[in-house]
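Now for the letters of each chain:
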Amino acid sequence: MAFFETKKINLTIPREKKNLLLATFFLALFSFIFAPVALATDYSSSSFIVKDSVIDEGSETSTSTNFGLGQSIGQLAIGKSTSTNFQLWSGFQYYYLVSANTLTATAGDSEVDLSWTVPQTFLGITVDEYEVGTGTTSGNYTFENVGSVTNFTKTGLTNDTPYFFIVKALSPGGNFLVFSNEATATPTGAANENGGGSGSQTMGITFHGTAYPQAKVFLLRDGAPRASITANSLGEFALNSYGPPPGNHNYVIYATDPNGVKSKSLNFFETIAPQVIIHRTNIIVPPTLVSSHTAIKQGDPLTLSGFAAPNAPVSIHMSGTQAGTFNVVSANSGAYSYILNTANYKKGQYSAVSNELVGLYQSQDSLSITFTIGDSTVVVPPPGVCSVRSDLNCDGRVDLVDFSILLYYWEQFAPFKNERVDIDKSGQVELRDFSIMLYEWTG
Amino acid sequence: MILDIRYWKLVNLEIRKLKKFLSFAISQFLFVVLFGILWSNHVQAAILYTSTANQVVFDQATFITEWYLDTQDDEINSVALNLTFTPETLEVLNVTPADTGIDLWIKNPEEDNERGTISLIGGISSGVKDAKVPLFRAVIKPKQVGKGKISMDTSSAVLKNDGLGTPATLVFNEISFNINPADARPALVGSPTHPQQDEWSKNNKVIIQVMPKPGEQYSYSFSSNIEMIPGDLPSDVANSLTFDNLADGIYYFKLNSKAAAGNWQEAAVYRVMIDSTPPQPINAAVASDPSVFDGKPFVSFTGKDQTSGISHYEVRFGVGPWQKTNDTVLRVPGLVLGNKVEIKIVDQAGNEEVTKVALPKAQSTPFSNWFFSIIIIVVLLLTALAVFWCKKLITKYRIK
Chain A
1 MAFFETKKIN
11 LTIPREKKNL
21 LLATFFLALF
31 SFIFAPVALA
41 TDYSSSSFIV
51 KDSVIDEGSE
61 TSTSTNFGLG
71 QSIGQLAIGK
81 STSTNFQLWS
91 GFQYYYLVSA
101 NTLTATAGDS
111 EVDLSWTVPQ
121 TFLGITVDEY
131 EVGTGTTSGN
141 YTFENVGSVT
151 NFTKTGLTND
161 TPYFFIVKAL
171 SPGGNFLVFS
181 NEATATPTGA
191 ANENGGGSGS
201 QTMGITFHGT
211 AYPQAKVFLL
221 RDGAPRASIT
231 ANSLGEFALN
241 SYGPPPGNHN
251 YVIYATDPNG
261 VKSKSLNFFE
271 TIAPQVIIHR
281 TNIIVPPTLV
291 SSHTAIKQGD
301 PLTLSGFAAP
311 NAPVSIHMSG
321 TQAGTFNVVS
331 ANSGAYSYIL
341 NTANYKKGQY
351 SAVSNELVGL
361 YQSQDSLSIT
371 FTIGDSTVVV
381 PPPGVCSVRS
391 DLNCDGRVDL
401 VDFSILLYYW
411 EQFAPFKNER
421 VDIDKSGQVE
431 LRDFSIMLYE
441 WTG
Chain B
1 MILDIRYWKL
11 VNLEIRKLKK
21 FLSFAISQFL
31 FVVLFGILWS
41 NHVQAAILYT
51 STANQVVFDQ
61 ATFITEWYLD
71 TQDDEINSVA
81 LNLTFTPETL
91 EVLNVTPADT
101 GIDLWIKNPE
111 EDNERGTISL
121 IGGISSGVKD
131 AKVPLFRAVI
141 KPKQVGKGKI
151 SMDTSSAVLK
161 NDGLGTPATL
171 VFNEISFNIN
181 PADARPALVG
191 SPTHPQQDEW
201 SKNNKVIIQV
211 MPKPGEQYSY
221 SFSSNIEMIP
231 GDLPSDVANS
241 LTFDNLADGI
251 YYFKLNSKAA
261 AGNWQEAAVY
271 RVMIDSTPPQ
281 PINAAVASDP
291 SVFDGKPFVS
301 FTGKDQTSGI
311 SHYEVRFGVG
321 PWQKTNDTVL
331 RVPGLVLGNK
341 VEIKIVDQAG
351 NEEVTKVALP
361 KAQSTPFSNW
371 FFSIIIIVVL
381 LLTALAVFWC
391 KKLITKYRIK
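Chains as they are written, first to last, in our numbering: chain A, 1 to 443; chain B, 1 to 400.
With the rest of the complex left out, here is chain A:
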């Protein structure tokens, strides 16, 4: 027997256990790499900084002049912390996921209109309100809280200065959730579009006309928003498109009244040539028209109202089971209304349009509205984000994104994951749906 005997120790790991260990290791590594990154906010004061703090959703935050502290202090701090205003969550906390939303910016006169979609959220977190960041250099913003809205007009800007915007979504506890994309816009005086081509002011087109007092008037070129302006107290506006590429362009003008109702769009198919500026004047934006009810019990009053140029004769033309024409005059504010005594009309389906006379010029008809006189009453809800049929993603606009969704489902049959895509409810996404979307286009 040898003095020293080598004893062999079986260190072999069984194959099954080895595979299990390797699988576990890679699973952990995979989870680490592809786990959603929870963006954390640093809190700092003059004397300290809390970096990458784990944020927990709670109902309140503790704040001082210089810092805000989330509630999950149990994971960071040692010692004793007391408050009457926070809860301590212990144990493993999950990280919620929020998808970024999309921000669009439209320049106006010393202002920029911002609108954004609502971020998609997972694992219980919700979006409560937003902060809009504004800056003159990309990535550098000053934030202001705008509440739980999805659109905002930043005013008081300097014309011809590019501005950069971003929207921060916040939880009910005021914690940061997600940033939108950065959007940029350059407000210009007299609502000019400068660009798309040389930007030269020796070539282009100008539009002068009348909408309604304080109406927001928009100019689209080839389907995309190019300029906007707020009409003055007489409803007058001026919009210009300078330096577009020479050639054929489709210009569209429409307005939204103080209640956010969109007017019928006016289109101008123009050929832009070098060294030529076309002037379109005496443009009358058709009035807006809404009904107080989509269905009204016979005998109950129905209000037809809208906005037009100030002190303008407005004619409301009703057709359907019976016809009628009602003449009113708009107020200084441009508002007009007519109360229809439905007792004088038979039960049935009706539609109505209005038009106005501004000086010697008759406007086109407004967008048509429909209502029913019958046995029951249904009040028209106030315009909301999803109130337009073709606004497929409910961001308050009918634009390229909605077109993309329609294109995604083109020629497909019901059922659809997004039921709104079948705009005419025919069971298939086809040419008629496309036509209705183009009719309601806002850009």
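I should point out that these hints are in silico values taken from the structure, not numbers from a laboratory.
Heads up, simulated BS3-like pairs for lysine-lysine below, C-alpha to C-alpha not over 25 Å straight-line:
hint, chain 1, residue 1, chain 2, residue 2
1, A, Lys262, A, Lys425
2, A, Lys425, B, Lys107
3, A, Lys168, B, Lys296
4, B, Lys107, B, Lys149
5, B, Lys356, A, Lys168
6, B, Lys254, B, Lys147
7, B, Lys202, B, Lys254
8, B, Lys254, B, Lys141
9, A, Lys297, A, Lys346
10, B, Lys202, B, Lys141
11, B, Lys296, B, Lys340
12, A, Lys262, B, Lys129
13, A, Lys417, B, Lys107
14, B, Lys344, B, Lys296
15, B, Lys344, B, Lys107
16, B, Lys356, A, Lys154
17, A, Lys154, A, Lys262
18, B, Lys296, B, Lys107
19, B, Lys202, B, Lys344
20, B, Lys296, A, Lys417
21, A, Lys168, B, Lys340
22, B, Lys324, B, Lys202
23, B, Lys107, B, Lys129
24, B, Lys324, B, Lys107
A few chain B positions that, by computed beta-carbon distances, are all more than 10 Å from chain A:
hint, residue
25, Ser23
26, Glu110
27, Ser119
28, Asn180
29, Pro181
30, Ala184
31, Asn225
32, Arg271
33, Ser311
34, Gly318
35, Gly320
36, Trp322
37, Gly338
We put the CB at the ideal spot given by N, CA and C, even for glycine.
Please build the complex by placing chain B on the supplied structure of chain A, with the hints as guidance.
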């Protein structure tokens, strides 16, 4: 008795007068009704037409047709066209939406030479009402002597901008071309600066050379208006003809010839196409919707070129490679190195325009941040090394 007869004669006379009057009134009424029907039909139908229906066509010599829509009294916002042509005598080389009035394309104009069809689906946001809405341009090559025809299939449609998608009547008169033998062309015309009539050039200086035949006089015109014809005064075409500083567009050099005792007649038409201007900046957006691509973000864009038309798009996500595409809605890849997507639009002359759109920050994975990207790569490499080393250790120290 006599009184009775005279009375009845008077009555008959009055009846005959009445009959005449009634016949006249009824005929007038029918005329008005018929006229009204015809007139109303004429007013309400949109008309599809082409501006180059009457040009002289020779075998193997390409020609261009520009297609327009006259909306008449209607506001139209969407067009779906299906045209058919005789594939045995005509070949469509390409169709492009150059300087079109269409904002949005469901289906870009495309040709199928096997079936003999040209089709498109497009729309105009908020509609248009105009006598000459450009739709697309087609380059056609006659394949053999004979007759070539283009007609419109009944499945074609235009819809009104009325919020209901109401179809409007669309009419198109079939067009036909007499294809003449190639050697029937009286004179030869060429261009050293623009040798290919079917290709777009950025060069806005054109030199035309004519190879005249002895004993003939020539006059010429050079214009972007295809309807322009040369005058009756002879011109010197022995030397090269130079046209400089031309604006973008399609120009036609038309040559008329006259024998000693003959009349002026068309001798040749030479086409020059110039586009030195980049396309318009692209209208693009990055968005997401739960019902599209399973909620993954996508980029959507539309482009337009005022002159030669779009050739294709190229897209680059982050610092990745450029990818050629004809799709205008693309899913953003899950992993993007970088924080923007670039879209390049290239026209038929090779002019380019690039638009950049920022990707939402939180939409990106850790790979969108350079720093994290490097860390992840290092971790992966270390992991691989660790696994390899573990295996070696296991093998080395396996003690039985």
